[in-house]
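Participant: Line by line, the protein sequences give chains A and B. Read left to right, the first sequence gives residues 54 to 576 (this note's numbering). Read left to right, the second sequence gives residues 54 to 576 (this note's numbering).
One should not assume that every hint holds.
Identical chains blur together in the list; that is why a pair holds if it fits in one copy or across any two.
[Stated by the list, open to error] Below, a list of computed lysine-lysine pairs in the BS3-like style, where the Cα atoms sit at most 30 Å apart: (1) 572 / 499; (2) 277 / 109; (3) 492 / 552; (4) 194 / 353.
Hints are computed from structural coordinates only; laboratory data are not their basis.
There are 2 protein chains.
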Amino acid sequence: MVSWRNLDTLEAYKKLLTLKDSVSLRDVLNGARIAEYSVPMAAGLTYNYAAKKVDKRVLQILQELADEQGLIEKYKALLNGEIINTGENRKVLHHLARGQQAGDVVYNGKNMRGFYEEQRLKIADFAAKVHSGEIKGSTGKKFTAVTQIGIGGSDLGPRAIYLALEKWAEKNNKKKMDAHFISNVDPDDAAGVVSSLNLEETLFILVSKSGVTQETLANELFVKSFLKKAGLNPSKHMIAVTSETSPLAGNPEYLASFYMDDFIGGRFSSSSAVGGAVISLAFGPEVFECFLSGAAEADKTALEQNILKNPALLDALIGVYERNVLNLPATAVLPYSQALNRFPAHLQQADMESNGKQVNRNGEPLSYATGPVVFGEPGTNGQHSFYQLLHQGTDIVPLQFIGFTENQTGEDVTVDGSTSQMKLCANLAAQIVAFAKGKDDENPNKRFPGERPSSLIYGKKLTPNSLGALLSHFENKIMFQGFTWNVNSFDQEGVQLGKKLTKEVLSGKMDETLSSYAKLLGI
Amino acid sequence: MVSWRNLDTLEAYKKLLTLKDSVSLRDVLNGARIAEYSVPMAAGLTYNYAAKKVDKRVLQILQELADEQGLIEKYKALLNGEIINTGENRKVLHHLARGQQAGDVVYNGKNMRGFYEEQRLKIADFAAKVHSGEIKGSTGKKFTAVTQIGIGGSDLGPRAIYLALEKWAEKNNKKKMDAHFISNVDPDDAAGVVSSLNLEETLFILVSKSGVTQETLANELFVKSFLKKAGLNPSKHMIAVTSETSPLAGNPEYLASFYMDDFIGGRFSSSSAVGGAVISLAFGPEVFECFLSGAAEADKTALEQNILKNPALLDALIGVYERNVLNLPATAVLPYSQALNRFPAHLQQADMESNGKQVNRNGEPLSYATGPVVFGEPGTNGQHSFYQLLHQGTDIVPLQFIGFTENQTGEDVTVDGSTSQMKLCANLAAQIVAFAKGKDDENPNKRFPGERPSSLIYGKKLTPNSLGALLSHFENKIMFQGFTWNVNSFDQEGVQLGKKLTKEVLSGKMDETLSSYAKLLGI
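Bound-form chain A, shown alone (with noise of 0.2 Å):
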């Protein structure tokens, strides 16, 4: 039986407290240390945590924490189907959308692995009809360009995804279809987007759980308003990915509908049809089909007791150390790859928006800090940007550093006898050792404290395999930390009252406040 604490309630916790800041990076980073702490993770990327204030000690009791709090326990019961979500009363799935690490799920007669997987079928299906061009747009003309529409989980990810394999689907011939997507409200999203679209080319994505969501209802209906103008009719040009009981599901408007459910929350979705449909189209269906088992290995990996030999669960419990026993409020996911652009924007994410929470999954209130800030650009980019106040700043910000030993395309450049990609991982190294050992100088202004911890997420190259693993690994470390806080990282109370007071504008029934900050915006 799983029991539920909270984080201040642990032995193990209490004797984490201790343990404040007693590791000086300066004196033990060395060679070996860096050949010691790592673990290997999946697809061929491996953890590297040599850079961050643990030692022997402090491992053992997260080791401890870990045990005590029951958090690969609790990840079985998430696999196995218990309700994990218990402010929604919902099971949590996602895993399932990629793989099956513990037992059949059954909900109302329906095992989920095979409802998720008839819908990566029928995708595959759509899309290979899509590609061979049976299935054309209203004039006739074969679809050249993929759009989603969609919003927050519906987005992020997906775009991310994209993004980070668009270079690599270039190179390896498996790009079949330029992919583009709307989000915003703002009418100037959807009006840029579409006036830079081959409309009688265009197929578009429908992307929102519920069928109700504001920005994505009213984005439709501009895409649409503009495929009338351009004489196409509508519902050859879109299809929809909703779960089966919203009103968008099974409309005749929509060319084809694939599903997912409530059991995988949006910011989680990337793996179930959300990032599916445009995935498949964009690059084929075996690219997804890449990334997925990519995902799935990872999922595996994050079932191991270990600590030390689960890259996943380690770094979550670095993460809370640093959160709860170091006090850092905020942390910096940094890839230097320029494919992982947006990889950092759906992390903020992922992360924020699971673990932003002050009470614990009964809704009892919590005296101590959970998810902090996340942040983060591409290096080397950050470094002639934010990095100053990470070197020398009066915070300390614990740093993710992810690096690949070559680069997608191929395509590079040698000057003053190093390629691009050589200087690129050079800056990675050079950071990693400046943020943590520092320098000293007479000059206080060129002195470098060091003691700023990092980490190192590498491989040999972004695949649709790494990147998938990749994507993973940062959604079992935000469900450890969920775990180890005892949130319920799934559920999203803290978006309501913003719709809410919306409606209430937008209905003209608002308070004296909300009505004086409305005129100040032309309402």
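Following the hints, put chain B in place on chain A, whose structure we already have.
Facilitator: This is chain B only, laid out in the frame that chain A set:
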């Protein structure tokens, strides 16, 4: 005589520390306060701070702080060409690139305002010749696209401005050329951009003040190798923006060279030739002039001694109150405008690189917090992402909203009785009130604590003029905060150690720790 003192030596600061969180937004926020807590900015924008946790008492002490620290005197000293960048022994002259608010600044016999104007006019002349077809590519084709090669300050600001004005320019028939940007040393960045271009019709702008930026020089040679492969003459396809003393200056390998100098820091260089070349080429010189005139108008407003009439100064002081008295370590910039998509990334650089310092302007260690972490994404997108944590997380993050009554394209659609633009603005108004006032609920999971402070900058439409004023507002806010904290906001010593260690890796002369990391990454 301006006197430079640390914040914690000021009498007003000691008073301020006693006024910790004395304002309840739930109690005080109403229509009268929204009307009163408002300051006109430049170019038709308004700064509203009704939802900030300040009252008359706090504002009075902030005024005392501004006076005691001599913030306006320091700004005037900067405008008059004093050596404000102490670490590098340099003047700070980015304001002069857009107007003259104080006396003549002469350096080595050169009137600096004249110099910046001369460069602007040279760019305007060059752009006109490109637009007319008088200057063509090496195969005689007219230039239809421009691509900026630069990183950090040579990338984020110009890119944010281009994106902010692209739709406006299309709507108003001002769009002359598409612009693209190459920044990252990751060769996939340049490869991706170059493969999307018609090289025969592309003009490249190489931007590096020093002329030795590693990433930019690597990308220059990358681009040149592609130009040569395409049978084009690189010297007919590339201009340089640099300082007169750089190795790039006056080099016949460039079609033209335009200059800025060491008195304009990268992150403040959008108003100089760094932003001027690409914006004048993309939209025409008169659009860049409108942008500069909006910025100059805001620079003038920033001279006002009364903090209630000086929005940049007031914003800066409220930020210091939040950082040093309320102890809030991060702040979010949330533009409700898709066109301002990358504006938060530019402000993240401008703010964190300027004030992420732990020594004062004389190089002496400080014992109080300086620059916060800055992050943000456009609304409404962010609402479906990280706003959960902002509403219900355990930490409070002060917010800076930005919104406009009208969209740029004029395209819109009415759904359920409201346009998308109305929905956008209704969401913005709703969020401010939700953050400030919260909502009680018997279920704590549905409870919103409120008391989360925000300010709102609003105007009729995002145009070149209002964008210039917006950028100046934040630049001056950052400057005033730097003065308040007594840091040098204009150097960036924190970027040097990484550069040094990168060179060690690339030369093979590295210690064991660095070498171990380099090996993991294939070097």
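Participant: If the cutoff is 30 Å on CA atoms, where do residue 277 and residue 109 land: within, between, both or neither? Let me know, please.
Facilitator: Answer is neither; intra-copy 60 Å and inter-copy 52 Å both fail.
Participant: Since the copies are identical, ignore which copy is meant and state whether residue 194 and residue 353 lie within 30 Å (CA to CA) inside a copy, between copies, both or neither.
Facilitator: neither (44 Å within a copy, 57 Å between copies)
Participant: Within a copy, between copies, both or neither: which one fits residue 572 and residue 499 at a CA-CA cutoff of 30 Å?
Facilitator: Close across copies (28 Å), not inside one copy (50 Å); limit 30 Å.
Participant: Is the C-alpha distance from residue 492 to residue 552 at most 30 Å within one copy, between copies, in both cases, or in neither?
Facilitator: Answer is between; shortest inter-copy Cα gap is 13 Å, intra-copy 50 Å.
In summary, the numbered hints that this structure violates are 2, 4.
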